[in-house]
Amino acid sequence: MTELGQNLIDGLALGSLYALIALGITLVYTVMGMMNFAHGEFIMLAAYALFVFAGLPFATAVACALLAGVAIALIAERVAFRPVRNADLSAQLVTSLAVAAILQNVVAVTVGTRAQSVETPAAIGESTSIGSISVPNLEFVTLGLTAIVLGGLGWLLYRTRTGLAMRAAAENFDMARLLGVRADRVIAIAFAISGALAAAVGVLIVMQTGQVSPTMGLTPVLVGFVAVVIGGFGRMFGAVVGGLLLGALSSLLGVYLPDGLAPFREAIVFTFPVLILIFRPHGLLGGEIGRARV
Amino acid sequence: MSAVRFRSRRSTATSLLVPLALIATVALAGANGTPSFRGTVTLILCNLIVVLGLQVFVGNSGVYSFGQLGFATAGAYVAAFLTLPAAFALLQTPGLPDFIADAHLGALLSTLIAAAISGLLAIVVGLPLMRTSTLAIPISTFAFLIVVYNVVANWDRVTGGSSGLVSIPTTTSVESAGLWAGTAAILALAFKWSASGYRLRATREDEVAARSIGIAVMSERLIAFGISGVLCGIGGALAVHQSGVLNPATFYFGTTVTTMTMLVVGGARSVFGAVVGAIAIATVNELLWGVENGASLFGAISIGEAPGLAAIGLGLILLATMIAMPNGLSGGREAGELPWLRRLNPKASVPPLKPKGSVASGRQIERSVESALRAEGISLAFAGLQVLKQVDLAFGPGEALGLIGPNGAGKTTLVNVLSGFQAPDSGTVSLDGIDVTGRSPVRLAHDGLGRTFQAALPFAQLSCLESVAVGAMGMGAGRRQAIAVATDVLGRLNLLEQAALAAGSLPPGRQRLLGIARALAVRPRYLLLDEPAAGLNEAECGALVAVLRGVLDDFGCGILLIEHDMNIVMELCSRIQVLDDGTTLRIGTPEEVQADPAVVQAYLGTSFLAAVDA
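So the protein lines, in turn, are chains L and U. Just so we're aligned, residue 1 is where the first sequence starts under this note's numbering, counting upward by one. Just so we're aligned, residue 1001 is where the second sequence starts under this note's numbering, counting upward by one.
This is chain L alone, in the form it adopts within the complex:
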């Protein structure tokens, strides 16, 4: 019982992290229809900001990382994604792949390809005991942050004019534009929030692993993509569900997989969505993409 409880909370924390990644990807997808490959590089760059500003107090360094995430997302949107806004899905995906390759290699050239270690506050690495369950403090941070983000996004989308504009743009971009929604502004806001979410994820990953590397964004972005596919494209709720499922699965496999299969955990985790797609080609919650609209 204790063991199960321990595993569940670990899975929930990992799933929350995945949900944050999937949310950042979904947010951009809903207003622009683009799956952003470079989201992983937003995460990576924010993490490197933490590395670069390691001399400052940790809270200040985190603020710098957040700013870096928002800034790179806005710059990428303005320079690379705005010109292909009206291109088809595949063209946008390839464009974001190009952005990802550029950002990754710029860091590799300027800072180096080797992983660098980053110091984080000692308290983060400690655990707190609740009864017989020992919960790492980082998991509290992750869970708390996810709750705040979900609440904040919900408030923004459903209680503010900006949120209304974003939801309208997500439903029907051209129509929203005709009705006076400022497209550039809505998309820029979506990218800014997405960049902030990426930065939060980057900080959490650094606190977990204590290091940064140019390729550290690759696995998170894939996790986010897969979570989005599982949840069904373009659904905020689906992104959260997909992220939590994937996190729980990964966490449970880490505990229960026999030793011989343990190295293949990642392979098994990424095969899982394929099994879902066999039975639900449009994801668990169904998306609008791929359905024939006649």
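Worth flagging that the hints you see were computed from the coordinates, not collected in a lab. Treat the hints with care, as some may be off.
[Stated by the list, open to error] Listed next, the stretches of chain U that the computed footprint assigns to chain L, with coverage defined by at least 3 CB atoms under 8 Å from CB atoms of chain L: (1) 1137-1145; (2) 1313-1320.
[To be verified] Only part of the chain U face toward chain L is listed, based on derived beta-carbon distances under 7 Å: (3) TYR1064; (4) THR1132; (5) VAL1151; (6) ASN1154; (7) VAL1158; (8) GLY1308; (9) ILE1323.
From a predicted model like this one, the values you see are computed outputs, not experimental measurements. Cβ atoms here follow ideal geometry from the backbone N, Cα and C, with glycine treated the same way.
Once you have looked at the hints, place chain U on chain L.
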């Protein structure tokens, strides 16, 4: 008189010979260079084969896959396993079954087996993945790539783990790589020009329209995915036999970006583009490498992966291409379709077509209990809004039934139910007495049901001849037969003069006629037309009536006509069914319907009142 073709002989020859000449030039340049230059060129040719593999799937389907390098990995490891010398095999791959480890095959046989296994893997992986949507495929193939990497990097006893394999025999010469690359280019072109290739390209242009003419999107994609897997496997196998070393990262993310850049920069839709892109990017890559390492041009390189400055350069090139030149250097054209080459040989355009004797005897109708397309008790609600309420409808071969009603009456929804694009909540659809409720649009097209859409949905990048012929190909016709059918149908609709033009370049009115031609090429027994005259001018409307009259008389097929132009409805239809608010208001002859006060009320009164209420 020269036979009608999709392309002139000369255009075909140019499209085939130019890529082969480019490959031969590269291979010859390599053969006459220093040993290290030979190695570089050999690897470039191996990369080219992988890019051609990408082109077969991505170019023809329009769907991006980021997993094809997984098949190159599979091919490379299989080829390595089959050829490792005994001493090294014992040391590096102790977990390998004896019959593989002791195979010690030659270069050709190991490459062929690697190709077969990669192709098989592609089919197995593609079976579930091709079921998903155009956007889910890139992501799930990317997941596949990571799965392959993870398995190969951790299966230490068989693959040598992340440190990989060394001392693999280096049997690939620049000449053999050139021969394989040439073969791959021919194969890619042959697929593109095959009936299967045309069907796949139709799904790329418009998935919905392709399904309506009986093209099974998933199976067409799967075929190309399999062929692509074979080519990528060959590229991987040849590359490993050039470099002699292999590790899990050889064909991974970096190589994926490089090969994708080559394809996109060259222009994904054409084989010519794939060849040009691969050679151009490889050259740029070499130059950037030279700058970065201070080395002389064309020094030794490792395949694909280009770290640092070179990778930034490639990324910028890819980005610039997507923004400024999305169709790539080739513009998506084959060599024989290039304007500046066409100017050299004026005959390269498709010769004008002349109408031939009709081949439109129609399909043999198996006489069954009843010949009719019949809907009974169809009901359908969208999120609580009852769109259709217990609607019945029936018409037979040779009959034209008009379906009219105010906007929002449910006409198009009913057509979607009849053609399988929308399942009804209740009610049945039967075709000649056989219950076909719930059958897919693809299946119904094969059962003899054709339809058009309110939008023209052209196959924009295909020529008009190809657009219509692909309708016959969807029914399994070969190219020759499909061309005969298409020529006949185009002649009826007075579109022969435009046969060689791209469908997307026609004016809207002509595009709608082309949509009807495409549906007719399926040889339907029942044809559902959704506002065919919208956007046509008066002369074109007259021509349309004549065409449809001919369809009724010559093809003997039944027509369901949704149309707001009452003149056309009155002229063609023997019976008219009026739909209002999801129910049938009236069925009768044109005269009866016109005289019915309830019908007039529906058209003018209720909508007028509703407007006042609102």
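Cross-check of the supplied hints:
| no. | hint | in the structure |
| --- | --- | --- |
| 1 | 1137-1145 | holds (count 6) |
| 2 | 1313-1320 | holds (count 5) |
| 3 | TYR1064 | 5 Å, holds |
| 4 | THR1132 | 5 Å, holds |
| 5 | VAL1151 | 5 Å, holds |
| 6 | ASN1154 | 4 Å, holds |
| 7 | VAL1158 | 13 Å, violated |
| 8 | GLY1308 | 5 Å, holds |
| 9 | ILE1323 | 4 Å, holds |
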